[in-house]
Each structure stands twice: as structure tokens, then as C-alpha cells.
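S.K.: Sequence:
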Amino acid sequence: MAKKNYYAVKQGKVPGIYRTWDACKAQVHGYPGAIYKGFERLEEAEAFLGGGKMPEPLLRETKGTYSAAPERKAVQSTAAPDPSSLDWEHLILAEKPCEDPEYAGVGRSAVAYVDGSYQHALGKFSCGVVLFLDGKELNLAEEYSDPDLVSMRNVAGEIKGAELAMAYCLTHDIPELAIYHDYQGIASWCTREWQAKKQGTIDYRNFYDLASAKVAIRFCKVKGHTGVTYNEKADQLAKQALGL
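Residue 250 in this note's numbering sits at position 63 of the sequence shown, and the numbers go up by one each step.
I should point out that these hints are in silico values taken from the structure, not numbers from a laboratory. Treat the hints with caution; some may be incorrect.
Stated by the list, open to error - In silico lysine-lysine, DSSO-like type, Cα no more than 30 angstroms apart, as pairs: (1) Lys-283 x Lys-408; (2) Lys-410 x Lys-283; (3) Lys-385 x Lys-408; (4) Lys-224 x Lys-197; (5) Lys-408 x Lys-197; (6) Lys-385 x Lys-426; (7) Lys-311 x Lys-190; (8) Lys-212 x Lys-190; (9) Lys-410 x Lys-212; (10) Lys-224 x Lys-190; (11) Lys-385 x Lys-410; (12) Lys-401 x Lys-212; (13) Lys-384 x Lys-426; (14) Lys-197 x Lys-311; (15) Lys-385 x Lys-420; (16) Lys-410 x Lys-420; (17) Lys-426 x Lys-212; (18) Lys-408 x Lys-323; (19) Lys-311 x Lys-212.
Take the sequences, apply the hints, and build the full model.
M.R.: Pasting the structure below:
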């Protein structure tokens, strides 16, 4: 029997191509109607997914899961940020040496925890981001009143937090990014597991398409409000941006 070098997940938690069975199994175990298959050659795995070629960085063995989307023409987003125009001095509330040994050794592979908040009386939402890279911890936050997203309340803020993390990596030439989030759509809109129907989610997906062409992005789901330290911190940063 030929050795399986690539495992393609067409329907699973995060569709994509994985280099090990264990990585593939994590995406299909317990997922109803999972569709996956092992292949000897990358081209066969790509054909099974029905998409274009994946960038090489997405094929490395990793503890996380890198998302894979078919090759497509990049679409400029109207609501997502223009990375080159962002005022990082305004967005970064704090920058300090990382004291957590789990992330102190993080180099040019960034780790971001993102969350959002919402204030009905103001008609505004906000994001909070805790970003680790190069032995530093950065805290970012911002408030928004985007009409295409405000009806999504806290989720809108989490979308903006993910966009900020991607934009930071784009403007600072960071090659890899792991985004920890508590709302499933943050990953699923990007991977096409969920259909983006609202303009705000369409813009978010399109921005991800632009970012993932240069940054290897993986998504890691955590449970919200369960004591996950940096998820809670991102939540507090988002509330702080709204004065809550």
C-alpha cells in the first residue's frame, strides 16, 4: 500500500490539506458527515479538494491547523482595513516584554487572542487583541460603528480583532499567525465552512483571502468566558475601548 503523505479534509472542522494522520483526525473526529481521504501526492489531494495549489507554508506539520481555500482572485474589501493606513500608535495600548513562558519564546510566528464587545446605547462595537511575537506582548483595541457589522454586536468586534491581527502581520512582515477566538464564524467564514451572507462577513472573508496570500494563518477555537487567560484579557480590552 502506498504511503499517505497528504490528508485532504473536504468537510471537517477546518478543511484543508494536512501532513499527518493525527492532524487530519483532529479535524474529522466527531464531525458529522466528515469527508476526507489520504493521498500519496499533493496534486491528488488538491484535486480532491477541487481547489488550486496551496502555498507551501500551509503544508508543514504543526500543532494547529492551517486553513486551505481554493485559489481565487483577490477582492478588495470596502469595510476591512487597509493595512498601510492603520495608525498602530493609536491602536496599540501597551507593548511590553512577554512574561508568560508559554509565549515568551514566540519569534516571528505571531499568536493573537481576539474578542469583541458591544454597547447598544452607543450603537458601537469594539475589538480587543492580545498579540504575542518576538518575545513581546502587544495589547490592541479599537471601537467601530460600521453599519454593515453593528447588527452582529460582539461578533462584529471579534471579526475586527481578527482583521487587526492579520493586518499587523501584513504590515510587519510576520510570516505566520495563530488566531485564538471563541466564535466559530471567525474561522468558518474564512474556510468557507460557513457561507458569508452579510456584507460585513463577505468583506471579512475577502480580507482574509488577501492576508492569507502572504501570511500562513491558522485558527484555534477556545470557549468564551471560561477563564482562558488571554481570551478574557482580549474581552477586557474590547470593553475598555467602549469605556465599559
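S.K.: So, for every hint listed, does it hold in this structure?
M.R.: Outcome of the hint check:
For the given pair, Lys-283 sits about 26 angstroms from Lys-408 by alpha-carbon distance, which is consistent with the 30 angstroms threshold. A threshold of 30 angstroms between alpha carbons decides the hint, and for Lys-410 with Lys-283 the separation of about 26 angstroms falls inside it, so the pair holds. In summary, the hint linking Lys-385 to Lys-408 is supported, as the alpha carbons are separated by about 22 angstroms, within the 30 angstroms threshold. Restraint check for Lys-224 and Lys-197: satisfied, since their Cα atoms lie roughly 8 angstroms apart, inside the 30 angstroms limit.
In summary, the hint linking Lys-408 to Lys-197 is supported, as the alpha carbons are separated by about 19 angstroms, within the 30 angstroms threshold. With a CA separation close to 25 angstroms, the supplied pair Lys-385 and Lys-426 stays within the 30 angstroms bound. A hinted pair counts as satisfied when its Cα atoms are at most 30 angstroms apart, and Lys-311 with Lys-190 does not qualify at roughly 54 angstroms. Between Lys-212 and Lys-190 the alpha-carbon distance is near 17 angstroms, which keeps this suggested pair within the 30 angstroms criterion.
For the proposed pair Lys-410 and Lys-212, the alpha carbon gap of about 21 angstroms is at most 30 angstroms, so the pair holds. This hinted pair checks out: Lys-224 and Lys-190 have alpha carbons roughly 13 angstroms apart, not beyond 30 angstroms. Taken as a hint, the Lys-385 and Lys-410 pair is honoured in the structure, with Cα atoms around 25 angstroms apart against an allowance of 30 angstroms. At most 30 angstroms may separate the alpha-carbon atoms for a hinted pair to count; Lys-401 and Lys-212 meet this at roughly 27 angstroms.
Pair hint Lys-384 plus Lys-426 holds up; C-alpha atoms about 27 angstroms apart against a cutoff of 30 angstroms. Using a Cα cut-off of 30 angstroms, the hinted pair Lys-197 and Lys-311 is violated, with the two alpha carbons roughly 37 angstroms apart. Under the criterion of a C-alpha separation no larger than 30 angstroms, the hint pairing Lys-385 with Lys-420 is consistent with the structure, at around 28 angstroms. Of the pairs offered as hints, the one joining Lys-410 and Lys-420 holds, with about 14 angstroms between alpha carbons and a cut-off of 30 angstroms not exceeded.
For the hint pairing Lys-426 with Lys-212, the CA-to-CA distance comes to about 37 angstroms; that exceeds 30 angstroms, so the pair is violated. For the proposed pair Lys-408 and Lys-323, the alpha carbon gap of about 23 angstroms is at most 30 angstroms, so the pair holds. Of the supplied pair hints, the one linking Lys-311 and Lys-212 is violated, its CA atoms being roughly 40 angstroms apart against a limit of 30 angstroms.
The structure is inconsistent with the numbered hints 7, 14, 17 and 19, although it conforms to all the rest.
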